[in-house]
Amino acid sequence: MKSEYVGKRVPRVEGVEKVTGRAVYSVDVDLPGMLYGAVLRSPWPHARIVEIDLAEVRKARGVKAVVAGKDFPFNFGGMIRDQPFLAIDRVRHVGEPVVAVAAATEAEAQEALGEIKVQYQELPAVFDPREALAKNAPLLHERLGEYVHTGPYQSVPGTNLCTVRTYSRGDIGAGFAEADELFEDEFYIHAVAHTPMETHAAVAQYIPAEKNYLIWSSTDGPFRRAKELADALRVTINQVRFISTYSGGGFGGKGAMVAEAIAVALANFCKGRPVKVVYTREEELTASQTRHAAYLKLKTGVRKDGSFTARQAEIIWDNGAYASKGPDVAQRGGLTIFGPYRIPNLELLSRLVYTNKEPAGAYRGFGTTQATWACEVQMDMIAARLKMDPLEIRLKNGYQEGDAYINEQVMHAVGLRETLLRASREIGWPPSKPKPLGTRFRGKGLAATIKGTATPTESSCFIKVNPDGTLTLLSSSVEIGAGQKTVLAQIAAETIGVPLASISIPNPDTSITPFDAGVTSSRTTYHMGNAVHGAGLEVRRKILEVAGEVLKTEPGRLSLSQGRIFEEGAGERLTLKELLAKKFGGRGGGLLAEGRFSPAGSPLLAAAKGREGMSSIFWMFATHAAEVEVDTETGVVKVLKIAAAHDVGTAINPLGCEQQIEGAAIMGISNTLFEELKMEKGRILNDTLADYKVATIKDLPEIVPIIVETQHPEGPFGAKGIGEPAAACTAPAIANAIFDAVGIWIKDLPITPEKVLAALNQKKNEGGA
Amino acid sequence: MKRLKPFAYFEPQTLLEAARLLVEQRGGAYLLAGGTDLLVRMKRGEIRPSALVNLKSLQGLDGIKPGMETGLSIGALTSISALEQSSLIQRNYPVLSQAAGLLGSPSIRNLATLGGNIGRASPASDMAPSLMVLTARVSVEGPGGKRDLPLEAIFAEPGKTTLEPGEVMTSFLVPQVDPHSGAAYLKLGRREGMDCALVGAAVFLRFSGARGEAKEARIALASAAPIPLRARKAEEELLSGPLTEERIQQAGRAAVSDSLPISDMRASVSYRKEMIRVLTCRAIEQARQLAMGGIVH
Amino acid sequence: MKILVELTVNGEEGQFEVEPQTTLLELLRDHLHLTGTKEGCGLGDCGTCIVLLEGKPVNSCLVLAVDANRREVTTIEGLEENGEIHPLQQSFLEKGAVQCGFCTPAMILSAKSLLDQYPGANEQQIKEALSGVLCRCGSYPKIIEAVQAAGGSKKKGLGNEK
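Residue numbers (this note's numbering), protein chains in the order written: chain H, 1 to 769; chain L, 1 to 297; chain B, 1 to 162.
Where hints are given, some of them may not hold.
Unchecked claim - Cross-link-like lysine-lysine pairs, in silico, BS3-like; alpha carbons within 27 Å at most: (1) Lys-65(L) / Lys-56(B); (2) Lys-638(H) / Lys-154(B); (3) Lys-64(H) / Lys-155(B); (4) Lys-8(H) / Lys-56(B); (5) Lys-8(H) / Lys-387(H); (6) Lys-638(H) / Lys-5(L); (7) Lys-56(B) / Lys-698(H); (8) Lys-5(L) / Lys-763(H); (9) Lys-56(B) / Lys-155(B); (10) Lys-156(B) / Lys-56(L); (11) Lys-747(H) / Lys-65(L); (12) Lys-146(L) / Lys-65(L); (13) Lys-641(H) / Lys-464(H); (14) Lys-56(L) / Lys-59(H); (15) Lys-59(H) / Lys-2(B); (16) Lys-698(H) / Lys-154(B); (17) Lys-146(L) / Lys-64(H); (18) Lys-56(L) / Lys-2(B); (19) Lys-156(B) / Lys-638(H); (20) Lys-2(B) / Lys-5(L); (21) Lys-641(H) / Lys-2(B).
Hints listed in this document are in silico derivations from the structure and should not be mistaken for laboratory results. Quick caveat: nothing in here was measured; it's all calculated off a predicted structure.
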């Protein structure tokens, strides 16, 4: 059947608001009586707070409220409740909030900070997670064992081990014994800053008489934040209302309370006035969230024919000072270290470690960028030693339709092979050995990835039909910039049979829109899409039922298309608008349907007993093929082309899929070649966008997005997800292309010209050609 | 974001008035030109001016026109984008347009001025090396009268000029260039757009009728020393015989020994030294091709 | 010490009393409530605050309001005419050049300035003109397409054109 909207390149439904500058982001929220917040932050990576003198700051011009940790001594944390709103008796990283001030203007709030006197007593600090694991390392969280854990996270009190997760399957020793070759390699991947163009910002208002909080924010999971806040402050979710604005980018970094925490703390003392907290770019870079840096050790057993016998992995995740979403990153992200490959014997030790640095949290990929880095570079190292084609070895070992995942879940809609073939074909494979242009050498490389989605999670929505036949979709899926609203509108319009333009989707409001687990984990198209699809079917059914009643005919003879009702054998009968007018008359009326979706209970999740928790309702696969040029005199690596192939199930909106593929590839290039947080004793030195460099338009290579469709059996119109995988493949594809070009391996990120030159010199000294 | 702290604000109508204000405020007053450096430093809390003296209220400080006798006079308040886009400069002093086009971004170039860039006295200045190899001079006016000096003499140390209290740069004088000459400026950064020079190299070469041997050679480097630097030993090397590949390499190595780069968060000293060598050689080659009238690849 | 500033914003003349330390960006966002112009960093590194001053793009976070006295400012809100959006806004929509949208106003204004000065600008010129606006969503490829569709050309261009 021909589709009206699914599969079409529909422009963003919120696009006009955005191109005209009318879209309201958190930073734009402006309310009567609003105050402005500023934060005094710790200059020390680890210190005891001895004394805070607030006498002068309370008298400063324009100041209306001043809050220190002991005025608001609560902890929050969606997974482990270890993070104070404001430091209470101790600071654990440079930049940790210590005192917040609300004043009539932002300038006055900032000026007032200079009146605060804090006395610290420095404590020994630890910055390397491997050192933090050592016996006498400074301890960050003595009360680790007492913090509320909202999930099955294994912490080790008395140490800096925030969580530890082990996993094994088969017999690792036997697996290695069976191998013809063993590969033992260590990799490092650096922390990066999400760097959304809109910094973290939130407005909070506390109504003392009702004990209600009202928060405007672009957080990606308003219901989850509402719950985190309610749990932290021991209030009910009804008392915490999140109103979502548009988001100027999140990439995972807006998946925890950041500016919200400060705004909420201040709001308590602002006598009912709303208070706005906007992070400066410096605060965004140094005191919000980063991606986890990680040390990865891989030992892989391989047979002569290139098939795998065993993999043992040890990952140390650098969590920074507070847990945030680290526990799940270490847990789920860690498991992707085995790649999209069949390996019978497995062992994983995944350790999340506290250090005295900016907290790490969810970052596009949720651990897969780190795991894929190590897995895919080692893959090429294996191919090189075995003298196998890097494409062949991946095709040989790669998952296919019907294969079992590591927990024996049978995987469907497995497009890995097609992504490998199409990406490599687009870049030109196998790589020829082009003659160097002067000192510039070209090469090509591949990398593939697998990512699942947090399973099971819940999404629900309402669709209401207004008296004039227009519709409103009430959903808590935030438009974080990746096209959530448009995809949902397409699904709704397609399912119901109404024009896309007749559906409006207001921004989420947790007091109105029903529960959704958040825009994370590439889950929205699938989960909210299925909820919308279900609600849509119900709306359609109700409309046709009413139509049957009004037209005095069997609803089974009626259909709805583009808002018009057709009868079998009779053609168009009336419009939806006319139908509702006839049904409800001048006083009006409406229709309402609910959609609720969770994959829990799906037979697709069946797995080995006790391991069902590792199943994912869908698996996403992607391959990036990169062509680079290495200037052997300067070490500068230029990316010439990326062919990025993604298995999305079904492309509900191919334009939107391309946007995400291209966007994540550019982010990957930027992370790999330009971005680095330079630290000195726990302090980030490059705290501006002049020195924390993200890709500009001039750094754009040719990017060819390739959409692969495998039709997921239970996804809405067969769709899966798209948002995260592209971020994972680019770094290893570039590293592998560098090896093809100049024969050097770079095993720790970022790839800098200095590292490339050093590796080239080392190769020359070792007598390499 | 960070808000500016209050300051007194003046719009002088004459240079004398501007000078008086600077002297009166005893070092607390800063000259406001394009604001692209000044306002950033103020927001970062690096400086806290008691007053800003807006030079843009003065007449006649911007504009590109022929010099008194020959060459070019560039008003100190000329914007970097005006420099970049001037057909006069593109035709006769293309290295200045090349350097201007590498500074910041288009919107920054529309605000930033040449005087502001030089007055910032940053060793990473993109404009200084190309002006230096063209032997530009700066005209200065102050309580003590007018004077002009070679551009390199303006730089005292990072962030400080040799200007006396009350002195203001008014224009830059660039002598006429010989048609048998070529100049190039190369900049190395971490990314293609909006980058600060990790290392920059400007080279000027003039050949006499008989090709192969340079009659004039000037090399100036950015981010290679505390101030923008003339690489004299490298220049001598270039003038010591025919311009062979070997000589160019020697000059590159000499430029390294002329330099005094540092390690900072952008690059290590050893990488900088190596890049000084590479960039100098590449800029020499580009300048040579331009001098020969060819197209640079 | 307040100073009277007169400026024309999107064709409308206005008078404002501002402190010297007020930036043009603050005047636009806080006094005029034109929040289409964004503040991503305040230091001129991201470009989201770009407005047109007599048609030329500038980082408004680095322009003092007093320096905009008697000048003409165009913000993103000034591009519509009689409820019709500008061809650039239309092409950004159609080509998928908008994701989170935070950089979009600055990208559109920068492109407008380019095309007004160089109709038929090639890819190299487009990249150069937009090089000062950061887009973390990575919409660069489609932004280039959108500018080409609205009056730029699909020619690649050499490195040295201005």
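Verification of the hints:
1. Between Lys-65(L) and Lys-56(B) the alpha-carbon distance is near 22 Å, which keeps this suggested pair within the 27 Å criterion.
2. A hinted pair counts as satisfied when its Cα atoms are at most 27 Å apart, and Lys-638(H) with Lys-154(B) qualifies at roughly 23 Å.
3. At roughly 58 Å between alpha-carbon atoms, Lys-64(H) and Lys-155(B) are farther apart than 27 Å, so this suggested pair is violated.
4. As the CA atoms of Lys-8(H) and Lys-56(B) are separated by approximately 37 Å, the hinted pair breaks the 27 Å bound.
5. With a CA separation close to 44 Å, the supplied pair Lys-8(H) and Lys-387(H) exceeds the 27 Å bound.
6. Note on Lys-638(H) and Lys-5(L): the hinted pairing is violated, with a Cα-Cα distance of about 42 Å set against a maximum of 27 Å.
7. The straight-line distance between the Cα atoms of Lys-56(B) and Lys-698(H) is roughly 20 Å, inside the 27 Å bound, and the hint therefore holds.
8. A C-alpha spacing of about 54 Å is found between Lys-5(L) and Lys-763(H), which places the hinted pair above 27 Å, so the restraint is violated.
9. Of the pairs offered as hints, the one joining Lys-56(B) and Lys-155(B) holds, with about 24 Å between alpha carbons and a cut-off of 27 Å not exceeded.
10. Taking the CA atoms of Lys-156(B) and Lys-56(L), the gap is about 38 Å. The hint is violated against a cut of 27 Å.
11. Between the alpha carbons of Lys-747(H) and Lys-65(L) the distance comes to roughly 55 Å, so the proposed pair goes past 27 Å and is violated.
12. Among the hinted pairs, Lys-146(L) with Lys-65(L) is consistent with the structure: their alpha-carbon atoms are about 19 Å apart, no more than 27 Å.
13. For the suggested pair Lys-641(H) and Lys-464(H), the alpha carbons sit about 46 Å apart, so the restraint of at most 27 Å is broken.
14. Of the supplied pair hints, the one linking Lys-56(L) and Lys-59(H) is violated, its CA atoms being roughly 39 Å apart against a limit of 27 Å.
15. A C-alpha spacing of about 24 Å is found between Lys-59(H) and Lys-2(B), which places the hinted pair at or below 27 Å, so the restraint holds.
16. Only pairs whose Cα atoms come within 27 Å are accepted, and Lys-698(H) paired with Lys-154(B) is accepted, the gap being roughly 16 Å.
17. Under the criterion of a C-alpha separation no larger than 27 Å, the hint pairing Lys-146(L) with Lys-64(H) is inconsistent with the structure, at around 53 Å.
18. The suggested pairing of Lys-56(L) with Lys-2(B) holds, with an alpha-carbon distance near 19 Å, which does not exceed 27 Å.
19. In summary, the hint linking Lys-156(B) to Lys-638(H) is supported, as the alpha carbons are separated by about 18 Å, within the 27 Å threshold.
20. Of the supplied pair hints, the one linking Lys-2(B) and Lys-5(L) holds, its CA atoms being roughly 14 Å apart against a limit of 27 Å.
21. With a C-alpha separation of about 54 Å, the suggested pair Lys-641(H) and Lys-2(B) falls outside the 27 Å cut-off, and the hint is violated.
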